[in-house]
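Start from the sequences and build out the full structure, keeping to the hints where you can.
Chains as they are written, first to last, in this note's numbering: chain X, 1 to 243; chain E, 1 to 216.
The set of hints was computed from the structure by calculation and includes no laboratory data.
All values derive from a computational prediction rather than experimental measurement.
Incorrect hints may appear among the rest.
Claimed, not checked - SDA-like, lysine to any residue: derived pairs with alpha carbons at most 20 Å apart:
no. : chain 1 : residue 1 : chain 2 : residue 2
1   : E       : K143      : X       : I33
2   : X       : K96       : E       : L157
3   : X       : K41       : E       : P172
4   : X       : K96       : E       : E177
5   : E       : K104      : X       : N20
6   : X       : K92       : E       : N140
7   : X       : K232      : X       : F243
8   : X       : K39       : E       : D139
9   : X       : K39       : E       : N140
10  : E       : K143      : X       : N37
What the hints assert, rightly or not - Restraint ranges, calculated between C-beta atoms of paired labels, are given here:
no. : chain 1 : residue 1 : chain 2 : residue 2 : range
11  : E       : M188      : X       : S147      : 17 to 27 Å
12  : X       : K80       : E       : N118      : 53 to 63 Å
13  : E       : R205      : X       : E157      : 40 to 50 Å
14  : E       : N118      : X       : Y23       : 24 to 34 Å
15  : X       : N83       : E       : N158      : 26 to 36 Å
Cβ atoms here follow ideal geometry from the backbone N, Cα and C, with glycine treated the same way.
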Amino acid sequence: MILFRPILLFFILITPLEANTIYNLIKIPNLEIYETNTKNKLRYLYAAKPFKLGINIKKNIRCFDSNKETLDKKYTIINKNLNRYSSDFLKKISLKYIVLCEDLSIANINTAGIPNNVTRTLILDIKFDETYIERAIHHEVFHMIQSNYKNIFDEAEWKNFNKKEFKYSECSTCNNKWNLDTYNRTKGFLTEYSRSTAMEDMAEVFSHLMFYQDKIYNDDPIIKKKIRFIKKNISKIDNNFKF
Amino acid sequence: MIIINKIKITKSERVILVFVILLGVFTLGSLLIIKDKCLFVKNYDPIDIQFKNRENVAVLNANCGNVIIELYPDISPNTVERFKTLIRSGAYDNAAFHRVIENKLIQAGDLEFGKKENLDYGKVGSGKSGLGLIESEIDNDFKYEKGSVGFARTFQLNTEDSQFFIILQDEPLFEGEYTPVGRVLYGMEVLEKVKFVPKFNIVPRPDFINSLKMLD
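This is the structure we're talking about:
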């Protein structure tokens, strides 16, 4: 008992000290600054070494470092797309840090991005399929929006837009509906992935609106309703928002 | 009868003797100098300095002398007001510099678990002031350069209370993250002498703030 207290204190006091500022801010190890001088105040970080994340010892989120050439190339694309969001809007949706890394996965399932509105961070896989990467950036941004404004982007209201017999899956990875190609004949959904969950469906509509801007034209009445829903609710967050 | 002849000290023995004496004096002197970590630290007396805004100057007294801090109510009005309230009540006197990272930052101001009379190593850093949490004020431009003083918070915004930190190096990533309250005008050397223990998150047997007072 005499020894117990000093031993306990020793373990309390010598919890690993991370003097790394980035780690202290967003709790992701092995990151370095890529660019902080941006017009909308986003801070771009990159993985200098692979990292693992997770709320328990399993740490099921993984991502790897990349070479400078890939980083520079993808940063240009990512920065061009994210520059479309004003600093005010980013603040409203709690997005401040963009982490660039390769082969991002969660529970061994590859993903384009992982948003976290608590740490105000969006991890992006810069090796994600080039065909979809720009849309994927906006898709992930929508998840930041949605997680900050769950009451606005009401899933029950959204589900009513679909045909009565349609049902989404339990989760976005509970099936194999992962194709991101835009349908020619939409029938209420822009992509196969839209059919996975209401949240992913909203993110797909948003990302199409951002990517195609005014060029998106659809005479599908369900898609029309979904577009109207997204536009109306985004304007509630920021009246000056431009798709 | 035994006759003992007086033996004369040789030249080499004399040299060795002088060397040993000098070595002894040097060792003793060094020990005294090393023991006093504040020996070469300049102590600034605020009476000798003219300030433009005396009402926004605070003087923190630590082991090696005074740290003179200018507060910026124009940048963070509510947080500076909280800081001044606590300073004027003497709340920070005897508070530990509980988190010190060499050449990086110094954190103090846990008024619940970080005071000299009831320091709790298991809880220090999580204590409250009793005045409630305040909102982060991070919208105004402020450069977190060496000597900047900010209010600490938990992982989440709007959880500032009484703990503050002073940075010992430039920290551009702190901009827009932590509420700034001021900047050290004089006495960075005093802060650089505050006790730290490498690899320890919480400093065992830490140094304490002797006093923290407003100049006026």
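Structure-based check of each hint:
For the proposed pair E/K143 and X/I33, the alpha carbon gap of about 17 Å is at most 20 Å, so the pair holds. A distance of roughly 13 Å separates the Cα atoms of X/K96 and E/L157; the hinted pair therefore holds under the 20 Å criterion. Distance check on the hinted pair: X/K41 and E/P172 sit about 12 Å apart at the alpha-carbon level, within 20 Å; holds. Taken as a hint, the X/K96 and E/E177 pair is honoured in the structure, with Cα atoms around 10 Å apart against an allowance of 20 Å.
With a CA separation close to 10 Å, the supplied pair E/K104 and X/N20 stays within the 20 Å bound. Between X/K92 and E/N140, the direct Cα distance comes to roughly 16 Å. Compliance with the 20 Å bound is thereby established for this hinted pair. For the given pair, X/K232 sits about 12 Å from X/F243 by alpha-carbon distance, which is consistent with the 20 Å threshold. Straight-line distance between C-alpha atoms of X/K39 and E/D139 comes to about 15 Å, which keeps the hinted pair within the 20 Å bound.
Restraint check: the Cα-Cα separation between X/K39 and E/N140 comes to about 16 Å, which is no more than 20 Å; the hinted pair holds. Among the hinted pairs, E/K143 with X/N37 is consistent with the structure: their alpha-carbon atoms are about 13 Å apart, no more than 20 Å. Hint check: E/M188 to X/S147, Cβ distance near 42 Å, so the stated range 17 to 27 Å is violated. A hinted range of 53 to 63 Å holds for the C-beta pair X/K80 and E/N118, which are about 56 Å apart.
Separation of E/R205 from X/E157 is about 60 Å and departs from the stated range, judged on CB atoms against 40 to 50 Å. The beta-carbon spacing between E/N118 and X/Y23, approximately 31 Å, falls within the hinted interval of 24 to 34 Å. Checking the proposed 26 to 36 Å range against X/N83 and E/N158 shows it holds: the Cβ atoms sit about 28 Å from each other.
The structure does not agree with the numbered hints 11 and 13 stated previously, though it agrees with the rest.
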